[in-house]
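> We have chain Z; now place chain H onto it with these hints.
Chains as they are written, first to last, in the numbering used here: chain Z, 5 to 99; chain H, 153 to 321.
Rather than coming from a laboratory, the hints here were simulated on the basis of the structure. Some hints could be false.
Claimed, not checked - Within a straight-line C-alpha distance of at most 30 Å, the following computed DSS-like cross-link-like pairs (lysine-lysine) qualify:
| # | chain 1 | residue 1 | chain 2 | residue 2 |
| --- | --- | --- | --- | --- |
| 1 | Z | 25 | H | 195 |
| 2 | H | 266 | H | 195 |
| 3 | H | 266 | Z | 25 |
Listed here are the chains, written in short residue letters.
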Amino acid sequence: MSRSPTCFSSEGIVQVSFYGKLTDRFGSAMRHVECPASGVTDTELCTLLAGDDADLIAELVNPRVRLVVNSQILERHLRLHNDDEIAFIPPVSGG
Amino acid sequence: MIRVQGEPFDPADELAGLTQRASEAGAIVSFTGVVRPANAMVKALELQHHAVLTLRSVEEIADAGIQRFAPEAIVVIHRHGLLAPGDPIVFVAAAAHHRRVAFLTVDYIMDRLKTEAVFWKREHHADGLRWIEARQADHEDCRRWMMPVLAAESEASVRGVSTHGEPAK
Chain Z
5 MSRSPTCFSS EGIVQVSFYG KLTDRFGSAM RHVECPASGV TDTELCTLLA GDDADLIAEL
65 VNPRVRLVVN SQILERHLRL HNDDEIAFIP PVSGG
Chain H
153 MIRVQGEPFD PADELAGLTQ RASEAGAIVS FTGVVRPANA MVKALELQHH AVLTLRSVEE
213 IADAGIQRFA PEAIVVIHRH GLLAPGDPIV FVAAAAHHRR VAFLTVDYIM DRLKTEAVFW
273 KREHHADGLR WIEARQADHE DCRRWMMPVL AAESEASVRG VSTHGEPAK
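Okay, chain Z solo, but in the shape it has when bound (with noise of 0.2 Å):
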């Protein structure tokens, strides 16, 4: 299911998306949370999205689920600026 593009907007509010069973882990495929209007580390995102559920943390911060900025998969430990697109997507299917 296609979805519409994912990004801070200027007044720091982040859209992130969810695929697979995130989805159902944040009850739905995308969340909106504010952050400082310079951005975020993806640890802190991680933070804001799953307020103070330990267990949804780690389930985001697991390397087997992958960061994904504006379509590329990145590796952690990087800073998250405007307009940037952001999904968290677990292991795939295949198809």
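Showing chain H alone in chain Z's frame:
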């Protein structure tokens, strides 16, 4: 031709199209995967996809097949969205001068699609939804293309393909 689409497709039409385009080919092999109808509990199969990564993954797998076996032409079509049992879900076809290249190309692309294509699948059961992962057998099928013996056999077959048994067309 590579497509990832939500709309249904007709495998017969796709095969006819390839046959028309690959008029110089001496062999055309096609594979159609359908949503398995055997389990009456599964009402539908949903394929979630990423608007960019999914097509890219399918294109990379198809390109690898072309690079490795050098067929004359290929077609790869994959559905996403909600599919019913019996619906065609994937179609892979290859046209080549000789059958070995066509068989190997389709086999290779399908094995890699089954494990590496960027889809997340879940079954719609009467009592709820269930995410599914690639089967162990699918991973083993894919790994065999990395094994030296099989790789050597495959490449040798392609390089040294004989012309007997297949009359010129």
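> A separate judgement is required for each hint: does it hold in the structure or not?
These are the hints, each one checked on the structure:
Pair hint residue 25 of chain Z plus residue 195 of chain H holds up; C-alpha atoms about 19 Å apart against a cutoff of 30 Å. With a C-alpha separation of about 21 Å, the suggested pairing of residue 266 of chain H with residue 195 of chain H holds against the 30 Å cut-off. Distance restraint check for residue 266 of chain H and residue 25 of chain Z: the Cα-Cα separation of roughly 18 Å lies within the 30 Å cut-off, and the hinted pair is therefore satisfied.
In this structure, every one of the numbered hints holds.
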